[in-house]
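Chains A and P are the protein sequences, given in the same order. Everything in the first sequence is counted per my numbering, starting at 1 for the first residue and increasing by one. Everything in the second sequence is counted per my numbering, starting at 1 for the first residue and increasing by one.
In short, the hints are calculated from the structure, not lab data. Hints should not be assumed to be uniformly reliable.
What the hints assert, rightly or not - Straight-line alpha carbon distances no greater than 27 Å define the calculated DSSO-like cross-link-like pairs of lysine-lysine that follow:
{"#": "1", "chain 1": "A", "residue 1": "Lys14", "chain 2": "A", "residue 2": "Lys41"}
{"#": "2", "chain 1": "P", "residue 1": "Lys16", "chain 2": "P", "residue 2": "Lys108"}
{"#": "3", "chain 1": "A", "residue 1": "Lys41", "chain 2": "P", "residue 2": "Lys38"}
{"#": "4", "chain 1": "A", "residue 1": "Lys41", "chain 2": "A", "residue 2": "Lys64"}
{"#": "5", "chain 1": "A", "residue 1": "Lys41", "chain 2": "P", "residue 2": "Lys3"}
{"#": "6", "chain 1": "A", "residue 1": "Lys64", "chain 2": "P", "residue 2": "Lys3"}
{"#": "7", "chain 1": "A", "residue 1": "Lys66", "chain 2": "A", "residue 2": "Lys20"}
{"#": "8", "chain 1": "P", "residue 1": "Lys70", "chain 2": "P", "residue 2": "Lys3"}
{"#": "9", "chain 1": "P", "residue 1": "Lys108", "chain 2": "P", "residue 2": "Lys3"}
{"#": "10", "chain 1": "A", "residue 1": "Lys64", "chain 2": "P", "residue 2": "Lys108"}
{"#": "11", "chain 1": "A", "residue 1": "Lys14", "chain 2": "A", "residue 2": "Lys66"}
{"#": "12", "chain 1": "A", "residue 1": "Lys41", "chain 2": "P", "residue 2": "Lys108"}
{"#": "13", "chain 1": "P", "residue 1": "Lys38", "chain 2": "P", "residue 2": "Lys108"}
{"#": "14", "chain 1": "A", "residue 1": "Lys55", "chain 2": "A", "residue 2": "Lys41"}
{"#": "15", "chain 1": "A", "residue 1": "Lys66", "chain 2": "P", "residue 2": "Lys108"}
{"#": "16", "chain 1": "P", "residue 1": "Lys70", "chain 2": "P", "residue 2": "Lys108"}
{"#": "17", "chain 1": "A", "residue 1": "Lys41", "chain 2": "A", "residue 2": "Lys66"}
{"#": "18", "chain 1": "A", "residue 1": "Lys64", "chain 2": "A", "residue 2": "Lys20"}
{"#": "19", "chain 1": "A", "residue 1": "Lys41", "chain 2": "A", "residue 2": "Lys20"}
{"#": "20", "chain 1": "P", "residue 1": "Lys16", "chain 2": "A", "residue 2": "Lys41"}
To be verified - Distance ranges between label pairs, derived from CB positions:
{"#": "21", "chain 1": "A", "residue 1": "Gly53", "chain 2": "P", "residue 2": "Thr20", "range": "44 to 54 Å"}
{"#": "22", "chain 1": "A", "residue 1": "Glu63", "chain 2": "P", "residue 2": "Glu10", "range": "30 to 40 Å"}
{"#": "23", "chain 1": "P", "residue 1": "Thr20", "chain 2": "A", "residue 2": "Asn70", "range": "40 to 50 Å"}
{"#": "24", "chain 1": "A", "residue 1": "Gly16", "chain 2": "P", "residue 2": "Ser61", "range": "45 to 55 Å"}
{"#": "25", "chain 1": "A", "residue 1": "Glu87", "chain 2": "P", "residue 2": "Lys70", "range": "39 to 49 Å"}
{"#": "26", "chain 1": "P", "residue 1": "Glu17", "chain 2": "A", "residue 2": "Thr82", "range": "41 to 51 Å"}
{"#": "27", "chain 1": "P", "residue 1": "Asn98", "chain 2": "A", "residue 2": "Leu26", "range": "23 to 33 Å"}
{"#": "28", "chain 1": "A", "residue 1": "Lys55", "chain 2": "P", "residue 2": "Glu15", "range": "49 to 59 Å"}
{"#": "29", "chain 1": "A", "residue 1": "Gly61", "chain 2": "P", "residue 2": "Glu56", "range": "27 to 37 Å"}
{"#": "30", "chain 1": "P", "residue 1": "Thr20", "chain 2": "A", "residue 2": "Leu74", "range": "34 to 44 Å"}
{"#": "31", "chain 1": "P", "residue 1": "Ala7", "chain 2": "A", "residue 2": "Ser9", "range": "25 to 35 Å"}
{"#": "32", "chain 1": "A", "residue 1": "Pro8", "chain 2": "P", "residue 2": "Val14", "range": "30 to 40 Å"}
{"#": "33", "chain 1": "P", "residue 1": "Asn98", "chain 2": "A", "residue 2": "Leu74", "range": "22 to 32 Å"}
In this text, a Cβ means the ideal position worked out from N, Cα and C, and glycines have one as well.
If you want the building blocks of each chain, they are given just below.
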Amino acid sequence: GAVVSQHPSRVICKSGTSVKIECRSLDFQATTMFWYRQFPKQSLMLMATSNEGSKATYEQGVEKDKFLINHASLTLSTLTVTSAHPEDSSFYICSASPGAGNTGELFFGEGSRLTVL
Amino acid sequence: AQKVTQAQTEISVVEKEDVTLDCVYETRDTTYYLFWYKQPPSGELVFLIRRNSFDEQNEISGRYSWNFQKSTSSFNFTITASQVVDSAVYFCALSGTNSGYSTLTFGKGTMLLVSP
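Next up, chain A with everything else stripped away, as it sits in the complex (with noise of 0.2 Å):
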């Protein structure tokens, strides 16, 4: 079964309107959780990394007024959109690892796709 969950899978909002996804580790505790976004026919891009406790830390060109992370527990990641706009519309992934040592092992969520009007 999943260890990560997202939720919710699918999400219509209008323009201007903040929307809330959440991703949950389920059998591990996760001091860090990283966000993606995917364009309609496009790559995976990170767009941050959610640090347990304290600030998230933003990729190159992402805005961290405009996409707010909160990961106020050891396996609880939110992203919230604020104000979205249909240029937000996209395709946002989460996903986590068992953190110090970690050999490699990751697991992703299953997907929030928002789409804005």
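Following the hints, position chain P against chain A.
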């Protein structure tokens, strides 16, 4: 910097044909991991394989096989006797020491279309 190149944007085959998806990577790390994922139209990433840079043995899993050639920095994926259900986008990816092997650099993906 890490880079993964999947030169084939789209491949179309007829069912039962064999097909090879190419992947070439660049990294300065001596230890790294290579991955292949399948992404069906529903969007989720289906894990296919993870290979450590020190393990150059080729691997076979059912109709799937992987050819890791460190000398040419390639990690090609072959599907034997393709089926319609194999139709999907396939991503090759790389992780290295920069993130403690926790983040992936993805190729642009190869869309495989298998027709009946």
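Taking the hints in turn, this is what the structure says about them:
{"no.": "1", "hint": "Lys14(A) to Lys41(A)", "verdict": "23 Å, holds"}
{"no.": "2", "hint": "Lys16(P) to Lys108(P)", "verdict": "26 Å, holds"}
{"no.": "3", "hint": "Lys41(A) to Lys38(P)", "verdict": "14 Å, holds"}
{"no.": "4", "hint": "Lys41(A) to Lys64(A)", "verdict": "25 Å, holds"}
{"no.": "5", "hint": "Lys41(A) to Lys3(P)", "verdict": "19 Å, holds"}
{"no.": "6", "hint": "Lys64(A) to Lys3(P)", "verdict": "25 Å, holds"}
{"no.": "7", "hint": "Lys66(A) to Lys20(A)", "verdict": "12 Å, holds"}
{"no.": "8", "hint": "Lys70(P) to Lys3(P)", "verdict": "15 Å, holds"}
{"no.": "9", "hint": "Lys108(P) to Lys3(P)", "verdict": "10 Å, holds"}
{"no.": "10", "hint": "Lys64(A) to Lys108(P)", "verdict": "25 Å, holds"}
{"no.": "11", "hint": "Lys14(A) to Lys66(A)", "verdict": "16 Å, holds"}
{"no.": "12", "hint": "Lys41(A) to Lys108(P)", "verdict": "9 Å, holds"}
{"no.": "13", "hint": "Lys38(P) to Lys108(P)", "verdict": "12 Å, holds"}
{"no.": "14", "hint": "Lys55(A) to Lys41(A)", "verdict": "31 Å, violated"}
{"no.": "15", "hint": "Lys66(A) to Lys108(P)", "verdict": "25 Å, holds"}
{"no.": "16", "hint": "Lys70(P) to Lys108(P)", "verdict": "21 Å, holds"}
{"no.": "17", "hint": "Lys41(A) to Lys66(A)", "verdict": "23 Å, holds"}
{"no.": "18", "hint": "Lys64(A) to Lys20(A)", "verdict": "14 Å, holds"}
{"no.": "19", "hint": "Lys41(A) to Lys20(A)", "verdict": "23 Å, holds"}
{"no.": "20", "hint": "Lys16(P) to Lys41(A)", "verdict": "26 Å, holds"}
{"no.": "21", "hint": "Gly53(A) to Thr20(P): 44 to 54 Å", "verdict": "45 Å, holds"}
{"no.": "22", "hint": "Glu63(A) to Glu10(P): 30 to 40 Å", "verdict": "32 Å, holds"}
{"no.": "23", "hint": "Thr20(P) to Asn70(A): 40 to 50 Å", "verdict": "43 Å, holds"}
{"no.": "24", "hint": "Gly16(A) to Ser61(P): 45 to 55 Å", "verdict": "48 Å, holds"}
{"no.": "25", "hint": "Glu87(A) to Lys70(P): 39 to 49 Å", "verdict": "40 Å, holds"}
{"no.": "26", "hint": "Glu17(P) to Thr82(A): 41 to 51 Å", "verdict": "48 Å, holds"}
{"no.": "27", "hint": "Asn98(P) to Leu26(A): 23 to 33 Å", "verdict": "27 Å, holds"}
{"no.": "28", "hint": "Lys55(A) to Glu15(P): 49 to 59 Å", "verdict": "51 Å, holds"}
{"no.": "29", "hint": "Gly61(A) to Glu56(P): 27 to 37 Å", "verdict": "36 Å, holds"}
{"no.": "30", "hint": "Thr20(P) to Leu74(A): 34 to 44 Å", "verdict": "41 Å, holds"}
{"no.": "31", "hint": "Ala7(P) to Ser9(A): 25 to 35 Å", "verdict": "32 Å, holds"}
{"no.": "32", "hint": "Pro8(A) to Val14(P): 30 to 40 Å", "verdict": "38 Å, holds"}
{"no.": "33", "hint": "Asn98(P) to Leu74(A): 22 to 32 Å", "verdict": "23 Å, holds"}
In the structure shown, a violation is registered for the earlier hint numbered 14 alone.
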